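The task is simple: from the sequences and hints, build the whole structure.
Line order of the protein sequences matches chains H and U.
The numbering of the first sequence is this note's numbering, which starts it at 1 and goes up by one.
The numbering of the second sequence is this note's numbering, which starts it at 1001 and goes up by one.
Simulated from the structure, these hints should not be mistaken for lab results.
Mixed in with the good hints, there may be bad ones.
Derived list of chain H stretches under chain U, where covered just means 3 residues or more per stretch with a C-beta under 8 Å from a C-beta of chain U [said to hold, decoys possible]: (1) 280 to 288; (2) 299 to 308; (3) 343 to 355; (4) 412 to 421; (5) 436 to 447; (6) 469 to 475; (7) 489 to 497.
Predicted, not measured: the structure shown is a model, and the values here were computed from it.
For every residue, glycine included, the Cβ atom is placed at its ideal position computed from N, Cα and C.
The residues making up each chain are set out below.
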Amino acid sequence: MSWSPLLPTLLLSLVPATLALGALIGARQNPARAWHIARNTTLTALLLSAALLVFGLLDALPADSAWWQAAPLNLIMLLLANFIGFVVVRYSATYLQGEPREQRFVGLVQAVFAAVSVTVLSNHLLLFLAAWLGISLAMHQLLMFYPDRPRAALAAHKKFLFARAAELCALVAFALLYLHHGSAQISTIVQAYPGPTGALSASEQVAACLLALAALIKCAQLPLHGWLIQVVEAPTPVSAALHGGVINLGGYLLLLFSPLLLQSAPAQALVLVVAGISSVLAALIMMTRVSIKVRLAWSTSAQMGLMLVEIALGLVELALLHLLAHSCYKAYAFLSSGEAVQQNLQRRQAPSVRPSAAQWLGAGALSLAMVAGLGVLVRANTDSSAFDAFSPWVLMTLALTALLAERRSRQAPDSGVAFFALAALIVTAYFALKSLFATLLPAHDYTPSLWADLWISTLFVLLFVGYALQRYGLHRRRIQALNIYFYAGFYLDEWVTKTTLRLWPHKLPGRIRAKQLQPASQEVSS
Amino acid sequence: MTAHEKASIEQATETSLALDGLTPAQERALERACASVAPSWPLDRLIAVSPFWAMRDERFQEVAARLSALAYTHCLMPPSHYLDRWQRGLITEAHLTLAAEQLDYQGGYRNLLEVVKTLSRLPHWHNISDLVDARRDRQHKMAWRDEITHQISQFCAAYFQEDGPLNPERLSIEPSQSLYQHWLTVTHMDRGIAILMDEPGLDRYLRNLPQTEDGLFRAAIEELGIEASRLGDYAQALLLDINGWAAWVAYQDWQEALANPDTATGSASMRSLLAIRLAWELVLWRYTANERPDQAERLRTLWQRELEEVPELLERHRRAQQPLWVWQTAAELAYQQPLQQALSDSVRTSPPATTEPALQAVFCIDVRSEPLRRALEQQSGAIQTLGFAGFFGLPLSYCPAGASLAQPHLPGLLAPQITLKDESLQGARRSAQKLNWRARLQEWSQTATTTFTAVEAGGLLYAGKLLRRSLAPKATHAPQTVESLTWQWRETGKPLSIADKAEIAHTVLSAMGLTERFAPRILLVGHGSHSSNNPHAAGLECGACGGQSGEVSVRALAQLLNDPAIRSALAEAGIEIPAQSRFVPALHHTITDRIELLEDREGLPQTQQQWLEQASNQARRARAVSQGLAPDDATLSDRLERRGADWSQTRPEWGLANNASFIVAPRSVTAPLDLEGRSFLHDYDWRTDRDFQRLELIMTAPMVVTHWINMQYNSSTLDNRKFGSGNKVLHNVVGGHIGVFEGNGGDLRIGLPLQSLHNGERWMHEPLRLSVYLAAPQEAIESVIQRHDTLRSLVNNGWLYIFQLNDQDGDIHRYAQDRWTAA
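Structural data, given as structure tokens:
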């Protein structure tokens, strides 16, 4: 098929252009009309992105031009972003009916997804950075949808500062890469790292570390996670857009530059340590949380950690799968968070029974057999690299162990077959998806170092132990004392908040409808 | 901390410990404050409660003034609301004059601008945390008041949640350790707040707090210099600061009292909660005194002035609110007068119903039944409808097949006596497997180690779910399978005998006044509301069924009354149900106004089914406008169905909004009237009520429930910040089912969400105190009121209106301050 060289660029530009246009036109209409427009623009953008992905997979699109990049990774991300945008807009059109600043929301949400579309498509460092900044600024306005809520303001203030820090990191990294390669085209830069080459120069190492740092900050890794937890002060669809779409961009940045990252041991180490620990701690802290949205937010922090770890281990296909699956899962979880009451009732109607030691062992052995069996089968019959890194399979074994061991309730003490079948299905689905995504991404022959693999496996085992202690050992005094630290989030956010306010003060809005002191002493009224 | 400061803290602690116990006056003050909190039910059993219930012994005006002075809480609408009604001609000069006369108020009230000015100038009570905040560097530091609320709130959630990290049972903490002591232990270990507030010395002050509640009360009263006469108000102000959790604790106590009516004692947990809040005051006081000497003197002065000026403050608020009470009363008169006129006219003109009905339909007293009943009656003269509380008097709790948990299906005032279990052996096993499967998968996808794998292996499935729910929402409601019900006494677990069941059936029928003239078909219509993704869904269900759908109750009752063995036992006791009469259970879907026959559709002749359909259509059309839909839309029914299934819908229906009256009379009196869905209707004919026992039952149970509903809607409208749960788009479910936070944290929020009361442009509920009309002799009504302190309080303290409707001459009299006056 022959394309006019301009046509692909035009088609790709159409996606963000449609959304941006919707935001602009909608601003002058009444809310009902603005929503109508937004529903149409997001639908158009969704259909366009789907069509583009099909073209891309059929190799009918040139992979890159001066401004745009249309590799499968970019097109998948484009489709994901516009899918979330489409869902969020349809949801909000009813959900936010009658909110005083409804109209502002319509414009901003389209602006966010327009900027996301530009970011995931851009092939130019500056365009990437500008769009990245744009997302952050538009998102900031959405997070401040209720400007008089003190906690919303505090969270947004923190996020504002961290986001600028992340962008500064990216800016410096980009500048270094530009100076080194003499090109601002992302595809050119990335293609310079096709496989294990010689040692990187100092400036490349620094750039890799800065990119890793930017991703860690954007993905709300400990200790800079507080804002992500506290921005549930914004309407539910904003959380869905944030957790299902925008937060992934840190991961996308690393995925994009993964060829560089995988050659820089210090950058990998940085990610493996920070994101690894973050992921485990955030998952355990999540278990001590009392409200549904806050739990979901901690879970995002943990999931992002795992995704970054996977990239640093060279499991980019798994990371991409994770990114997509998590986006859909988390967007759904937030949008349906009102069902928490019903879900809680379901759990109370069938409380679980604590497994005995023998049941634990049996479940563990069975899970191990399943995973190992699959491993042997795959190794013997294919040349798949799926089992080169073993830490993902450690996690899988532990998860299946929990599934099989904790499968009984008082009223249903003998359920078995269905759960075994499910376990088998999970292993198979996981392997199949991982292999499928590997075909979508450029092949690379990277094997993670044994140490990295061991480190992450250890963290997973610790996570499992921590979970079991939290769930079954809480009657012991020592575990209680430890759990208090998890309950307190290790004071990390408190410390960060205090320091932030000290370094960069911010006048938070006062309490809504503050009480009044006597008129005589009104100068101190709160 | 210097040695000197340390010594002074220790000294302070010692002096306080050296004191004797609390004086009786102090005890009384604390008790009064602790007893001032009304309970709030969990979300899965959400029923309406009056947040003022525990303060009913005082006049509403006094309560309103105190709440306003202590917590800046509104019990009246803002002047602009009344002005608007005046401008629209709904409140007139005559109403105002009469209202002022009724309230015996001579002052000025016409100039609402003046009222606005007075109200805006009123000072309010301040806790120590408020005063400290006023001097705080808010550019660099967080506010105390919000952080204290947050700390207590997070602690309470972690403590009360069944699988919470601080749940006393999970931690196997000795039962002797109180809530306060547990809080102390946790707070000692937690350094977070000292770091966050940037006050490094704070930990020491928390560690120096007395070990028991009494110790704390003594120390605080002594050091803060609180006289007994001020203690009650101060304690109440502190509890109002954590109003939501106080209501949750009150709920725990309420359940305790229902379960053990004889041994129930005063609330220990409420005292603990108060102690926790007071402990923060004491910590801030000591901290300021020792660490911030520059502010200590000022704080002392301000605090003393706060204490001194309480009585004057209350008086100022009372006086400032008086004009608004005139307007409020006028608004109520504006509602009552035309209604009374219509009721009187109806009595004077209506011919007694004589035709033998072909279909009787018993509806719940819920205000949503009224338009549908009216529509149904218009289909044919052979239809008779009745109104009765939707649980039909069955004191049930229901355990679905294979489940471990039984939910009560009766009003919150009562304790369930019977457990209804659904257990055909095969079905129960299958159902248990299904429940287990769902619960385990849910846990598996949400716990720490497994959530990663769950997301990677199954997360993409959610793309399909997102798409389906965005494009084609489907109702998830599956009718309950009630195949083989077993009836057990809840206490003993023994099954009910035929005689037991017959006795229950007898009580129910007598209470309904349905003991003769049975029609061939008797429809028992419960009601339910199927909204999606709605934490407050139970609030739209049947309140008389404890926030559950009425389905179980009507099905159980129909089974009971159709049972030949029970019928013959009933016949022996004097209630003869003709063999051809059949009871048919049905469900009124309140979002769509559809009436669903719950068992075989053949149970009802074709023509009668048509009546139901036409009535639903008519009722639906009448309601469409209030839901922003066109009445003549042919797809109205589908639209409403989708509305219920839509996961993004925050206003599935208006529930009981705009309720204003409770009419206890034969249906023939109210049948000719269009009551606009604002009235609870209870059928009652005093001529068949020997000893007025049924009247007493109605006035002590359904009337109280309707008052609770009325006050729930009123209070959530009047002050959604304190008595309502705020904005739905920010709701964040706490502890699985305990309640919601608005956003990230803060106090537990109780009451109704904003979206249940407001359509984005205006309020859908007008707060009017409930007007109760009783068609019964004055002496009978008066004697019931005089026998029940609760009723006397409600009537005499202005929480509701009681009118007697004379069903012979149509005259209406009002009962207030222990006497009757012509209305």
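Verification of the supplied hints:
{"no.": "1", "hint": "280 to 288", "result": "holds (count 5)"}
{"no.": "2", "hint": "299 to 308", "result": "holds (count 4)"}
{"no.": "3", "hint": "343 to 355", "result": "holds (count 10)"}
{"no.": "4", "hint": "412 to 421", "result": "holds (count 4)"}
{"no.": "5", "hint": "436 to 447", "result": "violated (count 0)"}
{"no.": "6", "hint": "469 to 475", "result": "holds (count 4)"}
{"no.": "7", "hint": "489 to 497", "result": "holds (count 5)"}
The structure does not agree with numbered hint 5 stated previously, though it agrees with all others.
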